[in-house]
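Chain A is already provided as a structure; the job is to place chain B on it using the hints.
Chains as they are written, first to last, in the numbering used here: chain A, 326 to 791; chain B, 14 to 243.
Don't read these hints as lab results, they were simulated from the structure. A virtual CB, placed ideally from N, CA and C, is assigned to each residue, including glycine. Mixed in with the good hints, there may be bad ones.
Claimed, not checked - Only pairs whose alpha carbons sit at most 20 Å apart, straight line, appear in this in silico EDC-like list of lysine to aspartate or glutamate: (1) Lys-330/A / Glu-196/B; (2) Lys-672/A / Asp-127/B; (3) Lys-330/A / Asp-153/B; (4) Lys-385/A / Asp-612/A; (5) Lys-339/A / Asp-111/B; (6) Lys-342/A / Asp-111/B; (7) Lys-330/A / Glu-136/B; (8) Lys-784/A / Glu-76/B; (9) Lys-48/B / Glu-83/B; (10) Lys-330/A / Glu-117/B; (11) Lys-16/B / Glu-237/B; (12) Lys-408/A / Glu-395/A; (13) Lys-371/A / Asp-657/A; (14) Lys-659/A / Glu-83/B; (15) Lys-339/A / Asp-153/B; (16) Lys-140/B / Glu-196/B; (17) Lys-129/B / Glu-117/B; (18) Lys-659/A / Asp-73/B; (19) Lys-140/B / Glu-199/B; (20) Lys-672/A / Asp-73/B; (21) Lys-784/A / Glu-17/B; (22) Lys-330/A / Asp-127/B; (23) Lys-140/B / Asp-153/B; (24) Lys-339/A / Glu-136/B; (25) Lys-501/A / Asp-452/A; (26) Lys-106/B / Asp-657/A; (27) Lys-403/A / Asp-612/A; (28) Lys-784/A / Asp-73/B.
Unchecked claim - Derived list of chain A stretches under chain B, where covered just means 3 residues or more per stretch with a C-beta under 8 Å from a C-beta of chain B: (29) 653-667; (30) 775-789.
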Amino acid sequence: MRILKHGFLSLIRKPAKVLMIFAILFVVFSLLFTGVIIQNSIDESKVYIRKQLGAAVEYKADYQKAYSEELAEEDYMKLQLSKTVAEDIATDSVVSQVYYTNSNSLMSNSMKTAEYWERDGQKEYYDNTYFDEEGNEIKDNVYFQLNGGNVAEPLEFSEGNYFLLDGNFPTEAQVKDGYPYALITRELAERNNLVVGDFMELFDWEENTYELEVLGIYDGIQEGHMGNTFFVSYEFNRNMMMAMYPEETEVMEYVNRIIFMLDDPLEVDGFVERSTSKLPSEYNYLDAATTQFDTLTKPLDLISLIASLLIWVVFGAGIIIIIAIVSIFVRDRKFEVGLLLSCGESKFRIILQFVYEILCIGLVAFVLAILMSNVSSTFVSDWIVENQLVEEESAPGQGNNMYYGYYDTSVFGDVDMNNIAEDFNVSINQEVIFKLFVINIALLIFASLVPLSIIMMFKPRQVLQD
Amino acid sequence: MEKEIQFELKNVSYSYIDGGKKRVILNGLSYAFEKGKFYTILGPSGSGKSTLLALASALDKPESGTIEYEGENIQKIGFTKYRRNCMAIIFQKYNLTDYLNGVENVESSFYITDKKAPPNKKELSYKILSSVGIVQSKADRRVNKLSGGEQQRVAIARALAKDVSLVFGDEPTGALDTATSNEVIELFKRLSREYGKTIILVTHSDDVAASSDIALRLNEGKLEEMKGNE
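Just chain B, with the same shape it has in the complex:
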């Protein structure tokens, strides 16, 4: 059966000048991500994992090469439009708007999209939050009154509300304890299996990598598959 490609990096390079010297981070990197799979990218600090994610989520531009979403160059889609309609990203911290409560944060996804917003945004937001384990009493709290794990769940709920098929995570469990981290990873797995979303997480953790369908290692600016769970 032919693989359905959701997202592809084609010969992507990225470098920057550091102390007068050119530092190559990504060097002609190419990789195709299959639809509905859960990927993790491992690599030592400074290997370019976050840069790779920044390029994939159009927060930065590659020096050369192209990035394609469902076969279309994201530059052609338009970076803002791509971020708005095609993907979601979850960071390690600063994921939520601090003056909004949980449900308002999730609800905001319905406004930042070109898709038609549903009429029952609030009810739907509660429902999504409930599906990631946030009950209404917690959903109504200001996000800075929630624990780190709860905040990440709200961030995941917001990504779900966005109704996109591609979700990036930049060490989303990096600031969480092991138990909470496991719960969050389970959620990502559910997103992939139950909702058919393509998940690409950057992580330091071998345990997180072990939970994914495909673990990749970023080494000297290239991606190498570590294992496949198919």
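Bound-form chain A, shown alone:
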């Protein structure tokens, strides 16, 4: 009660000193908060970019490194992607699903191709026909790419790039057992009058024949030369390979694409850091759209650095200035401290009264500094959006990548500078206010305790005498 009453009376009856402390706290807080708000906006923007890029991490072979280091041919195995390693990495708790695929091909001499190119708006199909010396039309085999996956709904479908027009995805058991099914393109189904439930007879290089049931017909492909792509199971492809090359068991381990889908995009960096050590070769890496992320966050990083410097410089200088001003404030009231000590007031309660007074001034300075820094950081934000978040060049790595003769769609989300600029804002949320409040309180308590503790270390007589 005494602390509250006397603290309050001290504040209202010594307005000049209060105003002096208030002015200093206000300036320090405003600068500090502006830095924190900008820093926070940048952090939020980075989170936005990371979320937009998605929660996928791709286990890749680093062909660029292999090329630049002129990797010997006998070491090419180092570039292979291992299914066993992928399964080990997938045990990480943040992985919701691992997708791996292998590829193979089958042929047919009766089916028509769905691959075409366009001329004057007309489709011209690569039907592999030619004429012999006698002018007879000869039809060559048509090749089909088999994309073998380990899940019932392939990633291309769950990511929304492709969609089923008819039929269903296989059952988990069909995937696991290597049942001969295929999801085929609409183009192929139309050209060959295939419907769901039909069987296609195809053969491999060793002329083993396979009957594949059409389980689903899909669409969504962009390129005409992808019309002959089937989605089959990983096990089916593997069994085919085993039938063709029974002695090459080691090769069966390798797959051509591995993607980890995580629960949360914000787990990506931690996951990559933890899992990189599990990769078997320096020619493998985990791609988390790092290049895109770095390109997009580059302009933000510079501002972030400046904001961080501002925060630390103001924080450091602020502590010194506040300690100095509070020291003057406390020293000026040394006899009051001595008097209170001589009356039997405890040191703790005396410190509490001074801290209470400083916190009262600090609270008013805090509220006004929040308003002030919100205005000033809006100006800085506008400058960032207008001058820094401008499109320089399209982020690399977007779109489709080619693997072993067929195209894979990118698993990373699409985001550009315009999206980031639109999303960038410095409005203060409750979390930031709380963060600033904690910084404010910590700074004031620390700055108040230093001079008070020094005074309290003396005997009461020394305090009264000096």
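Just chain B now, kept in the frame of chain A:
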């Protein structure tokens, strides 16, 4: 009739290092102060009067010896607790909190104590102030608007509000003119006679010493009785 001892110094010594040399201020000083008496301690400058008062009021620690309040070592009571509940001290200056008015200064005594505070603190404070000659209009003034004598009266009222039986004064009239000094001394006498408080004042003034029940002289670190008025 057996004397009732309020406060006792037992073999108290105190020294400090000055310019590399040990300077003995108090040397095995012992003295027992009777309850309800008005004491003054005289002595030349530097004789250790203020040191003695600082030790007695637990603002400093003796080098050796013990100080007892009603038979209990004050170190055992706890210095802060002793200052809070057993005694009051009035200095020559800086006695009051400058941002409070007279009545608020007196009222503060009710908060700095382990005793239960009365519900009518303000009214009681006015009453105590009135008893030492401070009327309400003056009691409501900021203390720096009061004269030196009035400030000392407020300080005495604060000591009274504390409701302790032992009051120390470190030259409480040192900054006052003769007339005001006499008024303040009369107040101390009243505290002793009417309220039964033990008063121990350190002073330079022979006149102040003459007003006390027992005048002591601090000489070469020892206390000697000059006269007794019993």
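Each hint tested on the structure:
no.: 1; hint: Lys-330/A / Glu-196/B; verdict: violated (32 Å)
no.: 2; hint: Lys-672/A / Asp-127/B; verdict: holds (15 Å)
no.: 3; hint: Lys-330/A / Asp-153/B; verdict: holds (16 Å)
no.: 4; hint: Lys-385/A / Asp-612/A; verdict: holds (7 Å)
no.: 5; hint: Lys-339/A / Asp-111/B; verdict: holds (10 Å)
no.: 6; hint: Lys-342/A / Asp-111/B; verdict: holds (14 Å)
no.: 7; hint: Lys-330/A / Glu-136/B; verdict: holds (17 Å)
no.: 8; hint: Lys-784/A / Glu-76/B; verdict: holds (14 Å)
no.: 9; hint: Lys-48/B / Glu-83/B; verdict: holds (9 Å)
no.: 10; hint: Lys-330/A / Glu-117/B; verdict: holds (10 Å)
no.: 11; hint: Lys-16/B / Glu-237/B; verdict: holds (18 Å)
no.: 12; hint: Lys-408/A / Glu-395/A; verdict: violated (26 Å)
no.: 13; hint: Lys-371/A / Asp-657/A; verdict: violated (48 Å)
no.: 14; hint: Lys-659/A / Glu-83/B; verdict: violated (32 Å)
no.: 15; hint: Lys-339/A / Asp-153/B; verdict: holds (17 Å)
no.: 16; hint: Lys-140/B / Glu-196/B; verdict: holds (18 Å)
no.: 17; hint: Lys-129/B / Glu-117/B; verdict: holds (18 Å)
no.: 18; hint: Lys-659/A / Asp-73/B; verdict: holds (17 Å)
no.: 19; hint: Lys-140/B / Glu-199/B; verdict: holds (18 Å)
no.: 20; hint: Lys-672/A / Asp-73/B; verdict: holds (15 Å)
no.: 21; hint: Lys-784/A / Glu-17/B; verdict: violated (31 Å)
no.: 22; hint: Lys-330/A / Asp-127/B; verdict: holds (18 Å)
no.: 23; hint: Lys-140/B / Asp-153/B; verdict: holds (13 Å)
no.: 24; hint: Lys-339/A / Glu-136/B; verdict: violated (26 Å)
no.: 25; hint: Lys-501/A / Asp-452/A; verdict: violated (34 Å)
no.: 26; hint: Lys-106/B / Asp-657/A; verdict: holds (15 Å)
no.: 27; hint: Lys-403/A / Asp-612/A; verdict: holds (17 Å)
no.: 28; hint: Lys-784/A / Asp-73/B; verdict: holds (6 Å)
no.: 29; hint: 653-667; verdict: holds (count 7)
no.: 30; hint: 775-789; verdict: holds (count 4)
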